[in-house]
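For the record, the sequence lines run as chains A and B.
Each residue of the first sequence is one higher than the last, beginning at 1 in the working numbering.
Each residue of the second sequence is one higher than the last, beginning at 1001 in the working numbering.
Among the hints, erroneous ones may be present.
Partial list, derived from the structure: chain A residues whose beta carbon lies under 7 Å from chain B [what the hints assert, rightly or not]:
| id | residue |
| --- | --- |
| 1 | Trp92 |
| 2 | Leu93 |
| 3 | Glu178 |
| 4 | Arg183 |
Think of the hints as simulated: they come from the structure by calculation, not from any bench.
Note that CB positions come from ideal geometry on N, CA and C, so glycine has one too.
Chain residues, written in single-letter form:
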Amino acid sequence: MRRTRMIGRVAALLAATCCLAAAPADSPVNVPEPDGLYAGPPKGYTPQTLQGAAVIDADTLAGLMAGPDKPVLIDVAAPDRKPSNFPEGRLWLPVHPSVPGAVWMPEAGAEPLAPAREALFYARVAELTGDDRAKPVVVFCHVECWGSWNAAKRLVRKGYTGVRWFPTGVEGWQEAHETANLRVDPAWAAGSEPQAGR
Amino acid sequence: MTHRIGNTVIALGVALATTALSGPFAPPARAAGASDTDQERAARWQEIAKSIFGDRQIAPTETLVKIDAPVRALDAALVPITLTMPDSAQIKAVSLIIDDNPAPYAAKFEFGPAADPAELKLRVRVNNYTDMHAVVETQDGKLYEAKQFVKASGGCSAPMGMSDEEAMKGMGDMRMKFADAQPGKPVEATLMVRHPNFSGMQMNQVTREFTPARYIDKLTVSAGDRTVFTMTGDISIASNPVINFAFKPDGKPLQVAASDNAGGRWQHSFTPPSPTN
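Generate coordinates for the entire structure from the input sequences, incorporating the hints supplied.
And the structure:
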């Protein structure tokens, strides 16, 4: 695990220092799908595709939500991180506006993800879909955030066939739709353990 | 002075353009005072106002202070804000609150005898579509609020696009630009401070570490021994702070003293131009 992370870091360093203009991931087009889950920096250009899942925009999502087979909405955006040296007593009041009705499981798209967290993610999705692998499931976070790509990929691998990846996420949604402020899914919060470096 | 007239014309133009946005290009309708979102926003403002101002009454105003901000910001990490306070002699202080930022209390400016607070500009980070509030305190100790909705998101965590070392180069350097001075009139000035104003929410994309918060928490401008203003700042102020203000010159240099939350201290002195006719 440690080793892969190191390699990831070195790769990211190389990408950042030597091939800024040429590297495909530095352009919004032509970002290839990684072979497995993506372990690079969580913010950045994402692929335009996800094999085994449909890629949808905000209008399509609104259509799905208005349709007969309501999708399960899963938001994996990271919460606002309180600075470690934020002054004591100063007002800190983070909010997380999102798609109304979504279930917020912050950083379920992290890679690596602790095995217990990964198991909890699958368990929660199974619960939310009523164990129906064909149920429409929409996964999102923010625009240019790999978390939703990874989380959607995890569900595809698990055998879900109705996975929709919504890459523009909260930013794409709020352009034309009302948001609702979400709290972290209680089951996800209860199973919470600090993630390294997050 | 021509500056200010120019701004008014631009602001008017923006207002007209906004009004003209009806029909197919109209922004999505926000039900007048009725939607859940509006109620949520109002409740949040109550909570914030209580936390900052306690039980003091805050009356709405359309004249004592006005916020001009782009309805849709191009860069959420650099949103230009103009606070207009035409009855400048009445204004003792102004607070800027960005309701849906995780640290909502962006800045407070307390004005001294050398200030002309008619117009104040600064650049801020906006993390979510949000109401923004300006609260002025008048000389008689009363509070008045104005509100403006701004569409921008992700400004607090947006990486600076360079290494921390690069961003910290020349930290504390300052420049000041003065508009032309006319006898007996306030002088407009623009203060530019080199400082990353790290929010503490920015992840270094290479090391994956969060850069600790490091921001200007106090900045005082004075003309001789008379204060123009003291700003109490926060992580919502954009990197490399730029502040436009006006002051009443008395021939002495302008002194700027700034400090940050990590113990940085900087002082600079600038000589304003002599009045010309």
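Here's how the hints hold up against the structure:
1. Trp92: 6 Å, holds
2. Leu93: 6 Å, holds
3. Glu178: At 5 Å from the nearest chain B Cβ, A:Glu178 passes the 7 Å test, so the hint holds.
4. Arg183: 13 Å, violated
The structure fails hint 4 only (numbered hints given earlier).
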